[in-house]
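Sequences are here, hints too, so could you generate the full structure?
Chains as they are written, first to last, in this note's numbering: chain A, 3 to 288; chain B, 3 to 288; chain C, 3 to 288; chain D, 3 to 288; chain E, 3 to 288; chain F, 3 to 288.
Hints were generated in silico from the structure; no laboratory data involved.
Fair warning: there could be bad hints in the mix.
Identical copies go unnamed one by one, so any copy, or any two together, can satisfy a pair.
[Claimed, not checked] Computed cross-link-like contacts, DSS-like style, restricted to lysine-lysine with a CA-CA straight-line distance of at most 27 Å:
#1 Lys129 - Lys232
#2 Lys129 - Lys236
#3 Lys36 - Lys70
#4 Lys229 - Lys14
#5 Lys175 - Lys213
#6 Lys257 - Lys45
#7 Lys189 - Lys119
Number of protein chains: 6
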Amino acid sequence: MGYLPQKLLEKKLIALIEEDAAFGDVTSHLIPNKHIKAHITAKEAAILSGIEFCEILCQLFHIQTHSKYLDGTPINKGDTVLEMRGLSRDILLIERTALNLLMRLSGITTYTQSLVKLVKDAGLNIKIAATRKTTPGFRFFEKYAVEIGGGDTHRMNLSDTVLIKENHLKISKDVNIDNILRIAFEKTSFSKKIEIEVENLKEFQIALAYKPDIIMLDDFSIEMIQKALKSLEKLSIESRPLIEVSGGISDKNLKNYLINGIDIISIGSLTHSVKSIDFSLKIIPE
Amino acid sequence: MGYLPQKLLEKKLIALIEEDAAFGDVTSHLIPNKHIKAHITAKEAAILSGIEFCEILCQLFHIQTHSKYLDGTPINKGDTVLEMRGLSRDILLIERTALNLLMRLSGITTYTQSLVKLVKDAGLNIKIAATRKTTPGFRFFEKYAVEIGGGDTHRMNLSDTVLIKENHLKISKDVNIDNILRIAFEKTSFSKKIEIEVENLKEFQIALAYKPDIIMLDDFSIEMIQKALKSLEKLSIESRPLIEVSGGISDKNLKNYLINGIDIISIGSLTHSVKSIDFSLKIIPE
Amino acid sequence: MGYLPQKLLEKKLIALIEEDAAFGDVTSHLIPNKHIKAHITAKEAAILSGIEFCEILCQLFHIQTHSKYLDGTPINKGDTVLEMRGLSRDILLIERTALNLLMRLSGITTYTQSLVKLVKDAGLNIKIAATRKTTPGFRFFEKYAVEIGGGDTHRMNLSDTVLIKENHLKISKDVNIDNILRIAFEKTSFSKKIEIEVENLKEFQIALAYKPDIIMLDDFSIEMIQKALKSLEKLSIESRPLIEVSGGISDKNLKNYLINGIDIISIGSLTHSVKSIDFSLKIIPE
Amino acid sequence: MGYLPQKLLEKKLIALIEEDAAFGDVTSHLIPNKHIKAHITAKEAAILSGIEFCEILCQLFHIQTHSKYLDGTPINKGDTVLEMRGLSRDILLIERTALNLLMRLSGITTYTQSLVKLVKDAGLNIKIAATRKTTPGFRFFEKYAVEIGGGDTHRMNLSDTVLIKENHLKISKDVNIDNILRIAFEKTSFSKKIEIEVENLKEFQIALAYKPDIIMLDDFSIEMIQKALKSLEKLSIESRPLIEVSGGISDKNLKNYLINGIDIISIGSLTHSVKSIDFSLKIIPE
Amino acid sequence: MGYLPQKLLEKKLIALIEEDAAFGDVTSHLIPNKHIKAHITAKEAAILSGIEFCEILCQLFHIQTHSKYLDGTPINKGDTVLEMRGLSRDILLIERTALNLLMRLSGITTYTQSLVKLVKDAGLNIKIAATRKTTPGFRFFEKYAVEIGGGDTHRMNLSDTVLIKENHLKISKDVNIDNILRIAFEKTSFSKKIEIEVENLKEFQIALAYKPDIIMLDDFSIEMIQKALKSLEKLSIESRPLIEVSGGISDKNLKNYLINGIDIISIGSLTHSVKSIDFSLKIIPE
Amino acid sequence: MGYLPQKLLEKKLIALIEEDAAFGDVTSHLIPNKHIKAHITAKEAAILSGIEFCEILCQLFHIQTHSKYLDGTPINKGDTVLEMRGLSRDILLIERTALNLLMRLSGITTYTQSLVKLVKDAGLNIKIAATRKTTPGFRFFEKYAVEIGGGDTHRMNLSDTVLIKENHLKISKDVNIDNILRIAFEKTSFSKKIEIEVENLKEFQIALAYKPDIIMLDDFSIEMIQKALKSLEKLSIESRPLIEVSGGISDKNLKNYLINGIDIISIGSLTHSVKSIDFSLKIIPE
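See below:
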């Protein structure tokens, strides 16, 4: 996702605090506002993610932070991932938001990284990619966590990349792979890639002739994938589109798809069904 | 959560479309803009949730909708939960956002309802409650899904209910359960409830003397919970605070906590680790 | 209202400056931009309120401030409540917004505190509470001023506390106090209080049987209030709901309502008809 | 203030609903959502103001309205100023916001109109003008109410009109009425008026020589005002600036200032210390 | 740019009205609010652009519209491009904003189309592309106008396409075309294209070896361009990157660049120095 | 436009960065983030404008700046107008937005100043004024650039000044210059000026009788202008309205309008058809 402008991150993070404390924290003000220390600690092993957002959040509330870790670092149960010093009310104010970010993002990063590792262990060079099946309003952060885990963000939104799907072809009898790809090349900015989803080998062959940047094999059986890949062999490397497979792939069946020649495996559950990693914040008694 | 103002929902939903299509949909415009029909279909059994938000989203884009289901209805695999008629580009524009809402909210509602059912099947009257461990920026919708599943939203944010936790007591040596509860009753609006989290039976007894509205037994063993409940028996029903238990409870161990006398069981995984329910949108060929 | 996140306050305060200077200050730029001192001085005795918001506002525009007073302090005519040092154009830019905040909030706090004092002087422990009759868009600040004056904010908004009013009961013939209270206990989060407004003693008795957290006696005569309180005496202290009285109460007739047994007196004029306290800002000639 | 764009009003009104119901109305949803009628009724005589905003607010929530009155109409105690038909939850959702608008705006309009009437009854042609002493964030509505009451809004904000005040002259020893007025004419857009506040007759004479559009006599005694007016008599009508008087003027002493030759009397209390007019909304039982 | 969500367009258009009429139109309300007709007429020949935004703007203010033209249509001096019927105050409210949109967008579209025509007339298939040299805050509309004129939007923003420029290579001595292109392929989502700007033929050869999607020849002389194109001839069509030329190209010298083999010519003046097309709105007397 | 509140400028500038980098800069993060120097250099002679906005933009991203120039200073080709030191990713992030601001604003300022100079060289005291023909959403900056060039912003928006135009008079047969001017004086705040546009000498005479603050001679021939000016001669200086001429005036024919007695010449092309000034940002190799 590249370099994220801090001022935009700050705006996003303040909106999250607003969600949690629009009319103030009715508990912490019952207690004197003391300079304290606090630690955020991992309650399970994980690949850390979101710690850099937490540090910006702390800065916004004048909380000094120290962390030995960057996003993407493996951590163990019990590791203190963030040390904080600031006023007690400020630390308690951001506590839940910071933890919620860490928990989800580390969950996504850890899961992504485990799948990326399977690929690497198989000696392959296949990208594990996210989809647009993200939590509404939180996509920015979820795609970031996928990237930190070594995954590919895939397109961020509908404006990013042309992706012609099965539903597009059903809109009218007059629409077919041939004419939609022809129009796509005509009407799309040269700065964008063009991808098409195909449902069977016949569609694959038709699409191939147009040399789109990417062809997505949707819900193909392993056998069908292999046939498709075989038909690519005749082509020179330069004229091959990237091959993405998708449809019902998760950690449970990923191994079946670790086939040489596939370029991308996209997996909705990277973002749609995440197990959070548990973290807790503890105030350090003086 | 009560009655949600449609105009505020519309604003939230438009922000979600903005996340996905700020510079337009670069694919759907390649195809003529036709009046079409489309169906959203469940790909697994679930308790439906979010369908009412989808209908408002459709209205915003002049898509007519028909659904036999309300939020909270059980649905089966293959059920068409929403029929839509509108322009193809509008339907494709909102497709992913609508599905993302349905997938997550139905996931949360289905999981919540399964836990609520365990309680009911045990003939008990215990509320299954969410926590603030929600996806940043998406809490509104997640708490809604918990409520639709028969769960309790618990407090929406830091401004809602006083909840004194372990960390509050660690801020200063001068703070203890006695003085913080005394101050809480003094300084808190009569319109809000006061809850305190206790870590052991001694703290429980101290807190009990102040009659807070709710006492949360944090990470109590079953034995400790039973002791705490026993000590409540001497009190008249009116003077008993509500008893909430929390800490590491999920579908895996909920049964152990189905103990008469507990009023609320709060479960972070209702919202922090959700398995989405799969739905798909299909355009109906003419 | 608890601890207010500074970043959210800053956002609110910048919006107020935007109201006054969206296209700049067309007067102050006619004069050289000098480092100056300025004082805000009270033109009448009051309980100060809003000074902490003014200091944040000054910080936002790089104006150094010094004040001997905190919100809630009594001040006399002529007291300098804020000393400022900064660039003349910045001080003139925020002058009116700062004064407008101070004038209204000190007005509300001073009036609230005068009523709270009447209660205390009578040796009673009755809360003087605000209502939702606040200036649209400015409620956050007005409720704050009530709290600083020793009053109770009452619910901040429709999402805070269940409050069943006369109008709710008129919606349908099938709705009555019995069934609405039963449903309220069923459907409302345990984290929220339930209050009901009653119009007469009969309604009061019906409501009482359900033990709502609070019963509001709306427009009750003194005699009726006394009868209601008498019927509470039979109940144990724990099973008594809080009693709120409301309806046409102001500084003019408050004394009549200083009756032992009342818990809360809510007064719309705390926020709907406020006399501002006069303050002025003077630049100190070198 | 001219013609207010409805879409901008809608945005402002939705923000007000957001203040009151960000997480929904937790009470009205306990009751079936019925088609009902409701009336807003004046509880005291007044000049009505804000009714047109209420009607737009109703439209936004699909509530049909009927009113016999326009903003600016005198109404009596008991008059039904708005009849509404819609869903009970929608009517209850906007109730408080609608009443809060009506109460404050009618308060301001009624007070303004009473002062305007004093002027007219004296057979004079003096404008009663508001100041910028408005409730932060609510100025738009308050200035509107002044205008409806026959008053003059005066400048809406710091960008509207040049107004050189005492504080401007104190910024530097090098600044005086002469050079600041000279610079003002040089640097100010021809599309804006230039006004200067003077503290005494000497300053008045200096200012007069520059023919600013308006001279404000600040805290002038009646005698001083008369002297100032006398010195204008020598000037031709065209070359006279408008004369505004201000400083501690309210309904209590306005009569003293009803002097032929004064063009404008500006009065902070029009907006800073308003007594709201009481209105109530009643649901009409079927 | 694809299909633009109407609700997002509405939000953008309302913001534009807010810029022009935040406190209302102080002129049109002086006159009765009548149902009127009005025409927008071209005062010079052009390619029309922005008319569809004007129609949405009209809808927002309940103005009925009729137009014989779509964006992209050639129009002549005197052509009525939009007929409107609505209330006079609404038409006058949006008049200037509608005209400002039409004037700029038609200016950009007309200029773009004139350059596109030069290319077509030369029998070539070169895209005329915009740059990011757009008016801050108005890029969305300007890129749209380029597209309507037959041009290519090029990347919408920094998040769209990787584009390595001369400045990137100067950041550190350790950075060169070789390693930055290698890293770019590694770290960039497969869904995005990678482009590199080269300053001379040597850089071009280095870049070519990495087969980026696009190579931009920055400020190349015609001779250098021809040499670069010649070296591409050895490559198979599939393995050729797209060739973009840029740097000081405008209508004045475009002809020199109409060289077979160039794929894209990007031209900053498409958006940074636009001559507006003149339109006027006339109310049609009854 | 007076003194612009920095916090509001910051908000505007952050919105511009958001337009360009909502999902981050996908290029600069491929390269190590180094402390670097960079220069912005003029590629042609101009009057500099926008440099102060660039400095605020730099501050927001922790980039230190140094400039020898203020807005309004003449610069030559090759002049370094801004020296920057900061992290490479931050400098590249803001590069395009900063340059886009400088290019447009310097273009407007330079063009305005050239016209202002023509007036001065003719020994006249005529203001060159902008119109509301600005880029939607960017007016604030464009009017600023006009002012820096020595021009007059004219009214900022529809709320600023009453300006009765030809279209107003066509709304109804019952509307004419007489009654609309009478109403305008009655209904308009004394703090605003009243201007009327006239189409011919007859209208001019009618308008003159009402002594509006300004009369705009729309599309008058030179001869008609001279007749109008002649008829003013009989009036005392104080009772003369300001005379604005407008309609098709640009640098090409301005000389014809340099007539003694004209107060303002308003020129749409100051903002609607601007040639940007070219600037570039270069990173300085170590």
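If you check each hint against the structure, which ones fail?
-> 4
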